[in-house]
Structure formats: structure tokens, C-alpha cells
Amino acid sequence: MTIQNAHGLHVRPATKLADLAGKFKSNVTIHKDGQDVSARSIIELLTLAAAHGTELRIRAEGPDATEAVDAIAKLVNSRFGLE
Amino acid sequence: MKLTELVIRETIIEDIQSPDKKGALRELAEAIRAARKPAGYKTPDVLEALLKREKMGTTGMGGGVALPHAKVEGLPGLFGAFGRSKPGVDFGAVDGEKVHLMFMLVSPPAEANAHLAALKRLSAGIRIPNMTKFLKAAKNAREIWDLLREMDESVGA
Chain A
0 MTIQNAHGLH
10 VRPATKLADL
20 AGKFKSNVTI
30 HKDGQDVSAR
40 SIIELLTLAA
50 AHGTELRIRA
60 EGPDATEAVD
70 AIAKLVNSRF
80 GLE
Chain B
0 MKLTELVIRE
10 TIIEDIQSPD
20 KKGALRELAE
30 AIRAARKPAG
40 YKTPDVLEAL
50 LKREKMGTTG
60 MGGGVALPHA
70 KVEGLPGLFG
80 AFGRSKPGVD
90 FGAVDGEKVH
100 LMFMLVSPPA
110 EANAHLAALK
120 RLSAGIRIPN
130 MTKFLKAAKN
140 AREIWDLLRE
150 MDESVGA
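Chains as they are written, first to last, in numbering that gives the first Met the number 0: chain A, 0 to 82; chain B, 0 to 156.
Think of the hints as simulated: they come from the structure by calculation, not from any bench.
Just so you know, even glycine gets a beta-carbon here, dropped at the ideal spot from N, CA and C.
Among the hints, a few may not be true.
[As the list claims (entries may be wrong)] In silico negatives: residues of chain A with every beta carbon more than 10 Å from chain B:
(1) T1
(2) Q3
(3) K24
(4) H30
(5) H51
(6) E60
(7) A64
(8) S77
[Stated by the list, open to error] Computed beta-carbon distance windows for the label pairs:
(9) B:G39 x A:G61: 48 to 58 Å
(10) B:E142 x A:N76: 25 to 35 Å
(11) A:K73 x B:E142: 40 to 50 Å
(12) A:P62 x B:L50: 18 to 28 Å
(13) A:A5 x B:P75: 35 to 45 Å
[As the list claims (entries may be wrong)] No farther apart than 25 Å at their CA atoms in a straight line, the calculated lysine-lysine pairs in the PhoX-like style are these:
(14) A:K22 x B:K85
(15) B:K97 x A:K22
(16) B:K70 x B:K1
(17) B:K54 x B:K1
(18) B:K36 x B:K70
(19) A:K15 x B:K21
(20) B:K1 x A:K31
(21) B:K97 x A:K15
(22) B:K70 x B:K51
(23) B:K70 x A:K15
(24) B:K54 x A:K15
(25) B:K138 x B:K85
(26) B:K51 x A:K15
(27) A:K15 x B:K119
(28) B:K138 x B:K70
(29) B:K119 x A:K31
(30) B:K1 x B:K119
(31) B:K138 x B:K97
(32) B:K85 x B:K97
(33) B:K54 x B:K97
(34) B:K70 x B:K54
In isolation and in its complexed conformation, chain B is listed as follows:
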């Protein structure tokens, strides 16, 4: 599944308002609900699942990037959101740095391999030289979306 299918224009938040992790995750979880309206999707339940996952270990994997994710029962497919925070969000990241780029992924529990495939695309995209720098510098959601499309093209099928 392409990043631009997981994350659509409407689930890109160019300026996350919350300074804290919980608030940032809520903004992203709510963006998926508002834009995609998945059957049975309740933002508070998804937020709770995301926070539960963070408690097992931070998804802030260093370099200012976090991949918050959760498995949500009854979800009709995989959904993604992207959030950017200029001041940064404290994620308790592995390198202790604040997180500026958040790729959120929610998936149904049975879709373990689709989840891995999405993580592969994301991680391969993030590794493209200067990609995180460009994502941080993008002027608006449109430019961020163009970069996601570029990540899709570089990573291939």
C-alpha cells in the first residue's frame, strides 16, 4: 500500500498544535476520523490504543521522527496520518531529541503483514537522503504530500 494511499492530503497536519505527545496523537487520530470516517472508528478508543502502545516503549525512533501506531479491532483497513511540529513534541524518543515528524499508522490486528509492508515503505522513505529535512522545511500540507509521493516513487512497488 502506497504512503499516499495511507496518508491522504486531509490527514496531513502541517502544524501540530499540541506541545505534548497525548495531544499530538489525539490531533492525528481525529484527522483520520474526520477525513476517512472508518466504520466503528472512535477517536478516544484509538487514542487509548496508541498511548497503550507508547507505554510499552516509545515509537520516537530518533532523528526527530516518530512512528506512533496501534492495532484497532474492527478497523476496515489501514489508515495513516502525518503530523509536523515545528517546536517539537516530547516523545521520550530513543535519542532524547524532540519529535518533529510523526507518521501515524492504525491497522486491524489481522493485518500483520500489511502493517510490516507499510513500516517498510515508511522507513525506506525516511532513509532517502535529506528527506526528513525537506519534510521539516515544506511550506504546507500540499508540499508534504508531494514529498510522500516522491517517497512512494523512490521506494517502488
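Next comes chain A alone, as it looks inside the complex:
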């Protein structure tokens, strides 16, 4: 998935993403250029400094992995509902 909102993955989208990831039982990680972070941690998501146009990959492991990946991809593709 690609970060499409103009200001990238700043605090508000990171907070939304972490909040959503926390609702699933599965462990969700976000990957960018060889860096893996927990999707549940705002602080870790911010260390990605994912600007507009950045490619991210989601991986989820657990009982609701598919749902988690779908929901997170939807959030990212909706530009976090912020624009």
C-alpha cells in the first residue's frame, strides 16, 4: 500500500492506525525499506517517517489476520479519513 495523504504518516494518522491495530487479536507489523515496526505503537510508526508516496507493507499473524490487514489497508487507502 502507498501513503497517499499529502503530509505522510504524521501523528494523527499514526494514532488512528495504532488505535485500529489494537482492536485486533493478531500481531500486525508494518514494513518500510527493511524496517519493521509494531502497528500498535504510535512511537514506532513515527520512526518510519513515511512521507507521501511511501510504499508500506502490512503483515499480520493471528486469528483475525486477514480482517486486520483489510481494515488497515482500507484506512491507509482512505488517506486516514483526513483529506
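Position chain B against the provided structure of chain A, taking the given hints into account.
Structure of chain B alone, referenced to chain A:
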């Protein structure tokens, strides 16, 4: 941009006096004005922008840390301030805990990537084991500044 360039000694407040969020943000916004005197910077306008941002969702991200920030039109660059409150400030943080460490960042609207880079440095620094504990325990602004320098060194360029 290094944390020690964003936050200088004079924009570190070792003991925030206000018990509430608005007052704490005002102290930090005023510290930037007094120390950096950015062209066109007006503390009440910056405070209003910071509060507006808090209304969209708290910047208290848990673990006693908050990253209050705002985009300010016409600002000549990015500026930061650091505030510490021993009794803690109610930020409505995501974990419901009081905030003891506040990293404030104000940036011009066009600098989205510089803003992200600054957030990256801050968040990577905060993640260093025991860093928040050391920041809480630091004796004075000088020691806090030394810790910010350590965060810069650990995070790299």
C-alpha cells in the same frame, strides 16, 4: 534536523508551572518566542493552533509523553521546545496517564517532510531504553539538554 537544533537550552522548561494543558502549551510556545524570536511569531496565535490540533485528537501518546505540535503560517523554519512537569499535566492521553514530558514542535505548513523527519528523530529518541526515565530524573535543563544530545547521537544522521 537535530533535536538539539530544534530544542535549544533556552527552550527547555525543567519545571512546567501550569497544571493544565493550555497553560503548559502557553509556557512552551512563549519559550520559543522569547528564545528564538521567529519573524511574525505570536504566542497567542501559536497557542490557538496547538489547541486546535489537540481538539482533533490528543498528542499525549502514552507513557507520560506528549508531542504537541502545530503548523504555523509564515514561520521561517521549524522550532521546538521541551517541557517537563513533575506532577504531570492532564493531556487526555491515549492511555489516560498524566503527561510528564512534552516535546513541542511548530513548523511551517510547507515543511511536511521536515516535520516527519523531526517526528522520526523524537520518536526514535524516546524509544531508547530508559530515556524517558532519565528525562524525568534529570536535575536541570542542562542535564535534559545533554540527554537530547545523546538522543541525537544514538539516532544518527
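Hint-by-hint comparison with the structure:
Residue placement check: T1 (chain A) keeps its beta carbon more than 10 Å from all beta carbons of chain B (closest about 15 Å). Look at Q3 (chain A): its CB is around 13 Å from the nearest CB on chain B, clear of 10 Å, so calling it non-interface holds up. A cut-off of 10 Å between C-beta atoms confirms that K24 (chain A) is not in contact with chain B; the least separation is 19 Å. For H30 (chain A), the shortest C-beta to C-beta distance to chain B comes to about 16 Å, beyond the 10 Å cut-off, and the non-interface label holds.
Not every Cβ of chain B is farther than 10 Å from the Cβ of H51 (chain A); the closest lies at roughly 7 Å, contradicting the non-interface assignment. For E60 (chain A), the condition that its CB be more than 10 Å from all CB atoms of chain B holds, with the nearest at approximately 22 Å. Interface exclusion of A64 (chain A) from chain B stands, the closest Cβ pair being 24 Å apart, more than 10 Å. With a least CB separation of 16 Å from chain B, S77 (chain A) remains clear of the 10 Å interface cut-off, as annotated.
Checked against the hint of 48 to 58 Å, the pair G39 (chain B) and G61 (chain A) passes, with Cβ atoms roughly 51 Å apart. With their beta carbons about 45 Å apart, E142 (chain B) and N76 (chain A) fall outside the hinted range of 25 to 35 Å. Checked against the hint of 40 to 50 Å, the C-beta distance between K73 (chain A) and E142 (chain B) comes to roughly 46 Å, which is consistent with it. Range check, P62 (chain A) to L50 (chain B): about 41 Å between beta-carbon atoms, so the 18 to 28 Å window is missed.
The given range of 35 to 45 Å is broken by A5 (chain A) and P75 (chain B), whose C-beta atoms sit roughly 22 Å from each other. Note on K22 (chain A) and K85 (chain B): the hinted pairing is violated, with a Cα-Cα distance of about 32 Å set against a maximum of 25 Å. Of the pairs offered as hints, the one joining K97 (chain B) and K22 (chain A) holds, with about 23 Å between alpha carbons and a cut-off of 25 Å not exceeded. For the proposed pair K70 (chain B) and K1 (chain B), the alpha carbon gap of about 19 Å is at most 25 Å, so the pair holds.
In summary, the hint linking K54 (chain B) to K1 (chain B) is not supported, as the alpha carbons are separated by about 28 Å, beyond the 25 Å threshold. For a cut-off of 25 Å, the pair hint linking K36 (chain B) to K70 (chain B) stands: about 17 Å separates their Cα positions. Restraint check for K15 (chain A) and K21 (chain B): satisfied, since their Cα atoms lie roughly 23 Å apart, inside the 25 Å limit. Between K1 (chain B) and K31 (chain A) the CA atoms are separated by roughly 22 Å; this keeps the pair inside 25 Å, and the hint holds.
Distance hint between K97 (chain B) and K15 (chain A) is fulfilled; the C-alpha atoms sit about 20 Å from each other, no more than 25 Å. Between K70 (chain B) and K51 (chain B) the CA atoms are separated by roughly 11 Å; this keeps the pair inside 25 Å, and the hint holds. The suggested pairing of K70 (chain B) with K15 (chain A) holds, with an alpha-carbon distance near 19 Å, which does not exceed 25 Å. Restraint check: the Cα-Cα separation between K54 (chain B) and K15 (chain A) comes to about 15 Å, which is no more than 25 Å; the hinted pair holds.
For a cut-off of 25 Å, the pair hint linking K138 (chain B) to K85 (chain B) stands: about 12 Å separates their Cα positions. Restraint check for K51 (chain B) and K15 (chain A): the C-alpha separation of about 18 Å stays at or below 25 Å, so the hint holds. Of the supplied pair hints, the one linking K15 (chain A) and K119 (chain B) holds, its CA atoms being roughly 17 Å apart against a limit of 25 Å. Restraint check: the Cα-Cα separation between K138 (chain B) and K70 (chain B) comes to about 32 Å, which exceeds 25 Å; the hinted pair is violated.
This hinted pair checks out: K119 (chain B) and K31 (chain A) have alpha carbons roughly 13 Å apart, not beyond 25 Å. Proximity of K1 (chain B) to K119 (chain B) is assessed by CA-CA distance (about 11 Å); at most 25 Å being required, the pair is judged to hold. As the CA atoms of K138 (chain B) and K97 (chain B) are separated by approximately 20 Å, the hinted pair is consistent with the 25 Å bound. Our distance criterion of 25 Å between C-alpha atoms is met by K85 (chain B) and K97 (chain B), whose separation comes to about 10 Å.
Annotation: proposed proximity of K54 (chain B) to K97 (chain B) holds, straight-line Cα distance about 17 Å (limit 25 Å). With a C-alpha separation of about 14 Å, the suggested pair K70 (chain B) and K54 (chain B) falls inside the 25 Å cut-off, and the hint holds.
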